[in-house]
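2 protein chains.
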Amino acid sequence: MSIENITWHDASVTRELRANLLSQKSKLLWFTGLSGSGKSTVANALDIRLNEMDKATYLLDGDNIRLGINSDLGFSIQDRNENIRRISEIGKLFVDSGLITIACFISPLKVNREMARKIIADDFIEIFVDCPLEECEKRDPKNLYKKARLGEIKDFTGISSPYEKPENPEIVVNTKEKTVDQCVDQILDYLKVGI
Amino acid sequence: MSIENITWHDASVTRELRANLLSQKSKLLWFTGLSGSGKSTVANALDIRLNEMDKATYLLDGDNIRLGINSDLGFSIQDRNENIRRISEIGKLFVDSGLITIACFISPLKVNREMARKIIADDFIEIFVDCPLEECEKRDPKNLYKKARLGEIKDFTGISSPYEKPENPEIVVNTKEKTVDQCVDQILDYLKVGI
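Taken in order, these protein sequences are the chains called A and B. Residue numbering for the first sequence follows our numbering, starting at 1 and increasing by one per position. Residue numbering for the second sequence follows our numbering, starting at 1 and increasing by one per position.
Note that these hints are calculated values from the structure, not bench results. Check the hints yourself; a few may be wrong.
For identical chains, the list gives no copy identity; a pair is met inside one copy or between any two copies.
With a straight-line Cα cutoff of 27 Å, these simulated BS3-like cross-link-like pairs (lysine-lysine) come out [claimed, not checked]:
1. K55 x K154
2. K55 x K192
3. K154 x K178
4. K118 x K55
5. K25 x K154
6. K192 x K138
7. K165 x K110
8. K147 x K25
9. K55 x K25
10. K25 x K176
11. K55 x K178
12. K165 x K146
13. K118 x K146
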């Protein structure tokens with residue numbers, strides 16, 4: 001290899017080339033909402049529908065983040081901030097890669113979601129999964145509210161720790177009033193222009 | 001949304017579905033080698049070739065990692081370990097997403113590369129970009145060796161900090177003896193079976 005070759009170090013596959021290959025515009029769809037609000041259900045149903053439409057997607061959630069890259073983080077305020085910061089930076093890489101990326105985290109604090117929006121910039125779409133606390137607690141699919149009420153779980157969002165509703169999310173889906181399919185349709189309607 | 005709907009939380013797009021959509025098998029191609037060895041040049045040339053073959057790829061390197069998710073890390077031994085750990089975990093997510101992923105980092109220590117291999121498991125392909133130190137120093141495209149010799153850069157790999165050659169890399173490309181295109185051909189030949 002000659003010195004000349006070293007200089008084409010800068011030639012690289014651009015985001016535009018990756019988008020052309022996949023025939024789609026990448027976005028970061030950030031789901032936020034209480035435990036039991038239906039975030040994961042709607043996010044996964046959306047993911048399935050996009051895959052059926054031949055869209056290349058990836059879903060980031062507690063299962064693949066907390067057990068992997070963020071396995072060194074606990075639940076202190078500092079660690080929760082760092083959790084969301086890293087998810088945002090990873091989401092940015094995935095959007096850059098061309099994939100339609102779904103992030104599904106309670107993310108209860110405005111300050112954290114605003115950090116995510118700042119990092120991801122124009123490609124950030126905040127989806128508030130709106131469901132009353134009473135309904136979430138009634139569903140309680142993992143018995144977490146029960147444990148939180150008994151004091152077995154500390155700092156549980158909605159019970160002993162605040163959830164700050166988004167003020168200007170791009171999309172609000174109401175999982176008490178609508179079915180999962182209706183929520184997915186609503187999100188796809190919004191995305192139609194952009195994707 | 002009824003409680004029944006909550007239970008299909010588990011339905012999700014699998015790695016297999018993503019692979020089918022993209023018609024490719026994802027791998028993590030880990031480039032290691034001295035500064036100036038030609039890692040980035042070969043990695044980018046490979047990336048371009050794969051894109052031309054309609055393969056969906058993503059390249060992780062200092063530009064998008066050190067300035068983003070790892071911007072909180074310095075160059076202590078502990079931080080260098082954490083740098084490689086996070087890159088490996090991110091690489092694992094990208095491989096799971098279905099993309100052919102290229103990681104391009106000096107990664108001088110065996111212990112770190114072995115950690116990456118352990119995290120990524122069967123999808124890890126180590127590519128040693130082999131080039132004698134004298135040749136790298138002669139090329140010195142960023143004048144880093146010069147600065148390191150003058151003591152202006154501390155702990156510079158190959159000069160004041162060790163580079164441990166891989167013992168059993170899947171691929172060795174010799175950038176002193178071969179052209180960039182020949183190196184890329186060699187890697188594509190190896191991958192042909194797997195991708």
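How the hints compare with the structure:
1. K55 x K154: For K55 and K154, the Cα distance exceeds 27 Å both inside one copy (40 Å) and across copies (47 Å).
2. K55 x K192: Result: close both inside a copy and across copies, 12 Å intra and 25 Å inter.
3. K154 x K178: This pair counts as neither: shortest intra-copy Cα distance 31 Å, inter-copy 61 Å.
4. K118 x K55: Classified as within; 25 Å inside a copy, 31 Å across copies.
5. K25 x K154: neither (41 Å within a copy, 43 Å between copies)
6. K192 x K138: neither (34 Å within a copy, 53 Å between copies)
7. K165 x K110: Classified as within: same-chain Cα gap 8 Å, cross-chain 47 Å, threshold 27 Å.
8. K147 x K25: Result: close neither inside a copy nor across copies, 42 Å intra and 43 Å inter.
9. K55 x K25: both (10 Å within a copy, 17 Å between copies)
10. K25 x K176: Answer is neither: 31 Å inside a copy and 40 Å across each miss the 27 Å cutoff.
11. K55 x K178: Within. Shortest intra-copy distance 25 Å satisfies the 27 Å Cα cut-off; inter-copy 39 Å does not.
12. K165 x K146: Cα proximity of K165 and K146: one copy only (22 Å, versus 55 Å across).
13. K118 x K146: neither (36 Å within a copy, 38 Å between copies)
When the structure is compared with the earlier hints, violations turn up for hints 1, 3, 5, 6, 8, 10, 13 and for no others.
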